[in-house]
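Protein chains: 2
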Amino acid sequence: MTLIRHVLPVILSGGSGTRLWPLSKRDLPKQFLPLISSRSMLQLTLERTAGIPGYSTPLIVASEQHLDIIERQVVGAGIAHAGIILEPVGRNTAAAIALAALYSDPDDILLVMPSDHAIANPKTLLDAVADVLPLAEQDCLVTFGIAPTAPETGFGYIKRGAALIGSAFQADAFIEKPDATTAASFLSSGEYSWNAGIFLFRAGLYLSTLADLAPEIYSACAEAVQRGRSHAAGHFFPEAESLRRSPSMSVDYAIMEKAGHVAVRPIELGWSDIGSWDALTDYLEKNGDIVDPRTLVIESRNCLVKSHGPKVAVVGLDDIIVVATNDGVLVMPRGQSQRVKEVVERLDEEG
Amino acid sequence: MTLIRHVLPVILSGGSGTRLWPLSKRDLPKQFLPLISSRSMLQLTLERTAGIPGYSTPLIVASEQHLDIIERQVVGAGIAHAGIILEPVGRNTAAAIALAALYSDPDDILLVMPSDHAIANPKTLLDAVADVLPLAEQDCLVTFGIAPTAPETGFGYIKRGAALIGSAFQADAFIEKPDATTAASFLSSGEYSWNAGIFLFRAGLYLSTLADLAPEIYSACAEAVQRGRSHAAGHFFPEAESLRRSPSMSVDYAIMEKAGHVAVRPIELGWSDIGSWDALTDYLEKNGDIVDPRTLVIESRNCLVKSHGPKVAVVGLDDIIVVATNDGVLVMPRGQSQRVKEVVERLDEEG
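The listed protein sequences correspond, in order, to chains P and D. The C-terminal residue of the first sequence carries number 351 in our numbering, and the numbering is unbroken. The C-terminal residue of the second sequence carries number 702 in our numbering, and the numbering is unbroken.
No wet-lab data here; the hints were simulated from the structure. Idealized CB from N, CA, C, for every residue including glycine. Don't take each hint at face value.
Across the chosen pairs, the derived CB separations fall in these ranges [said to hold, decoys possible]:
#1 D:Gly505 with P:Leu28: 44 to 52 Å
#2 D:Leu698 with P:Gln65: 32 to 40 Å
#3 D:Arg697 with P:Gly288: 20 to 28 Å
#4 P:Thr149 with D:Arg645: 34 to 42 Å
Each computed BS3-like pair below joins lysine-lysine, with the alpha-carbon atoms no more than 27 Å apart [as the list claims (entries may be wrong)]:
#5 D:Lys662 with P:Lys341
#6 D:Lys637 with D:Lys662
#7 D:Lys474 with D:Lys510
#8 D:Lys692 with P:Lys311
#9 P:Lys25 with D:Lys662
#10 P:Lys25 with P:Lys159
#11 D:Lys376 with P:Lys311
#12 D:Lys376 with D:Lys662
#13 D:Lys637 with D:Lys692
#14 P:Lys159 with P:Lys123
#15 P:Lys123 with P:Lys286
#16 P:Lys341 with P:Lys286
#17 P:Lys311 with D:Lys474
#18 D:Lys637 with D:Lys528
#19 P:Lys177 with P:Lys159
In isolation and in its complexed conformation, chain P is listed as follows (with noise of 0.2 Å):
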């Protein structure tokens, strides 16, 4: 199938966590680490739609303070060109991508992604994205769903309505962290997909969306951008005071959870949110090597084993994780990676 117009790759880049210390800190968040391959989270997000027919040059949404790191990473990806939006202050997903739909053009198809997620098979993302391209054009808000593996409590739940065009459904419910008997249901009921915080719409419709369902989110981030200033370097600046008034929303609770013309196109991308160092080992397992080839592993099976600085050399232990840079060394058992929360918050206290 032919794409009619160009889609809009929108990356979102306001990530900033540190589930993957020592590798991932406040000022290095995850999507600048090179986690699953030499290259970055984001700079495997740009790739997958750099030259692909039918894709325009992606926009990335990203803190200010990131910018020489996402510049260099742009350089360092092979792309000729992304323009940037840099945010004075982080305001959550509704309003980035509303930073981003402001900026382009109204009858810009946006493909939104995060900027720090895994797709083993990004084929299948494009393929998918041409299957929805006309629900897209017709005013609805696309999601990707994936199928879900684990009834995991961490993640948002779509359910499927009614059958649409391109292999889509109609988004009946979005239900964000179920309990584990919930989660359990969702898994064996079958109608479910995990929201993956993939998206494919009509700039204008996102913008009519929001200021009807999210009018103070609207309106701060249409002035921002009314008031901001363009960067030769085709950088853009939005004005922070207005920013500042948007509140902080996700996208699925802003208008995801709320708007009536929002289709699910389930897809299988062999995705990970590479939200833990256990996550990254299952994705690593599958789709890669969990042992840094600048590594030394001996007699050892199922350790995850990941160096940023010093050699490391792991001798004798099975299904451990051991990740060092130069300030941080990290050793835990696989399964507990949830922990490292506590380890950051530790090391907060002691400064």
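Fit chain D to the supplied structure of chain P, relying on the hints for placement.
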């Protein structure tokens, strides 16, 4: 008991092992590391006799490449002065002690100590020296023998013979690295001590015995000292060409196993050669803390966690050894630290 003449501590600092990788390296061997306290093993060795009546300024025999670090550590230990014999080439302990003996007065009583062993009860050593000083003055080569606590196959054993004065015994035999069955029988017999490389003897007696039993070592060392040069700071540089001619032999093999006038004084020192990460862990469990206070250890038991660099966090692990520097990180279960050798070999292969 009052000492008649001063005892001269001779500290052998020629070791260059890598069994404590990543902390110990060829240019920073074990004796210079703060393994069991905030002071290095060399500093703790210097402090054993510092300011103790009856002991003179220590004499260190070391590799000339370590001059700078030794000078810094002598100052750091608060030692007013130490003589340093700087070997241009290592020729094992028989030659190192010969250099010290040749540099001393023949009637000096030398207390020879390795620079890299831990002694939890240094006072016991001083008391034992006082006990056996008459034996040393009566031209006996006295060794201090550690009560074995396990059938170690990596140590040398000394068999006790007839009782002498000062709670010492005639040394009937030296057995280097027995097999496991023999080691077990030594342990159960109660007649054997470990050879810890701590000796007390008159300088002149050592030299005459060496001239008798290992004349090539004696003559090479005598010439190296005769042709050597002194430095105003109390450093002595034996001449390289002569020293290079000396056979490389341990004092045990060259002298102790063969001489007829050797005594063994059993002693309870709380001794460890800190010859591996497991040995250090065992020592610290008895005499210190196996968790470095600068590290973060959450819900873990019996783990040795040490860092000379990155912040190390260990979560939910038992019986693991984690050692980190800015250059290297080692993670292994306790009981396997003899395999560090393998790690270092592999790293050497990689360059």
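Cross-check of the supplied hints:
1. A hinted range of 44 to 52 Å holds for the C-beta pair Gly505 (chain D) and Leu28 (chain P), which are about 45 Å apart.
2. For Leu698 (chain D) paired with Gln65 (chain P), a C-beta distance near 38 Å keeps the hint of 32 to 40 Å intact.
3. Checked against the given bound of 20 to 28 Å, the beta carbons of Arg697 (chain D) and Gly288 (chain P), roughly 23 Å apart, stay inside it.
4. In this structure the supplied range 34 to 42 Å holds for Thr149 (chain P) paired with Arg645 (chain D), their Cβ-Cβ distance being about 40 Å.
5. Restraint check for Lys662 (chain D) and Lys341 (chain P): the C-alpha separation of about 15 Å stays at or below 27 Å, so the hint holds.
6. For a cut-off of 27 Å, the pair hint linking Lys637 (chain D) to Lys662 (chain D) stands: about 25 Å separates their Cα positions.
7. Distance restraint check for Lys474 (chain D) and Lys510 (chain D): the Cα-Cα separation of roughly 25 Å lies within the 27 Å cut-off, and the hinted pair is therefore satisfied.
8. A C-alpha spacing of about 15 Å is found between Lys692 (chain D) and Lys311 (chain P), which places the hinted pair at or below 27 Å, so the restraint holds.
9. Straight-line distance between C-alpha atoms of Lys25 (chain P) and Lys662 (chain D) comes to about 14 Å, which keeps the hinted pair within the 27 Å bound.
10. For the hint linking Lys25 (chain P) to Lys159 (chain P), the alpha-carbon distance of about 35 Å lies beyond 27 Å, and the restraint is violated.
11. For the given pair, Lys376 (chain D) sits about 14 Å from Lys311 (chain P) by alpha-carbon distance, which is consistent with the 27 Å threshold.
12. For the proposed pair Lys376 (chain D) and Lys662 (chain D), the alpha carbon gap of about 21 Å is at most 27 Å, so the pair holds.
13. Between Lys637 (chain D) and Lys692 (chain D), the direct Cα distance comes to roughly 25 Å. Compliance with the 27 Å bound is thereby established for this hinted pair.
14. Our distance criterion of 27 Å between C-alpha atoms is met by Lys159 (chain P) and Lys123 (chain P), whose separation comes to about 25 Å.
15. The suggested pairing of Lys123 (chain P) with Lys286 (chain P) holds, with an alpha-carbon distance near 17 Å, which does not exceed 27 Å.
16. With a CA separation close to 25 Å, the supplied pair Lys341 (chain P) and Lys286 (chain P) stays within the 27 Å bound.
17. A distance of roughly 41 Å separates the Cα atoms of Lys311 (chain P) and Lys474 (chain D); the hinted pair therefore is violated under the 27 Å criterion.
18. Proposed proximity of Lys637 (chain D) and Lys528 (chain D) is supported: the alpha carbons are some 25 Å apart, at most 27 Å.
19. Among the hinted pairs, Lys177 (chain P) with Lys159 (chain P) is consistent with the structure: their alpha-carbon atoms are about 13 Å apart, no more than 27 Å.
Checked against the numbered hints given earlier, this structure breaks hints 10, 17; the rest are met.
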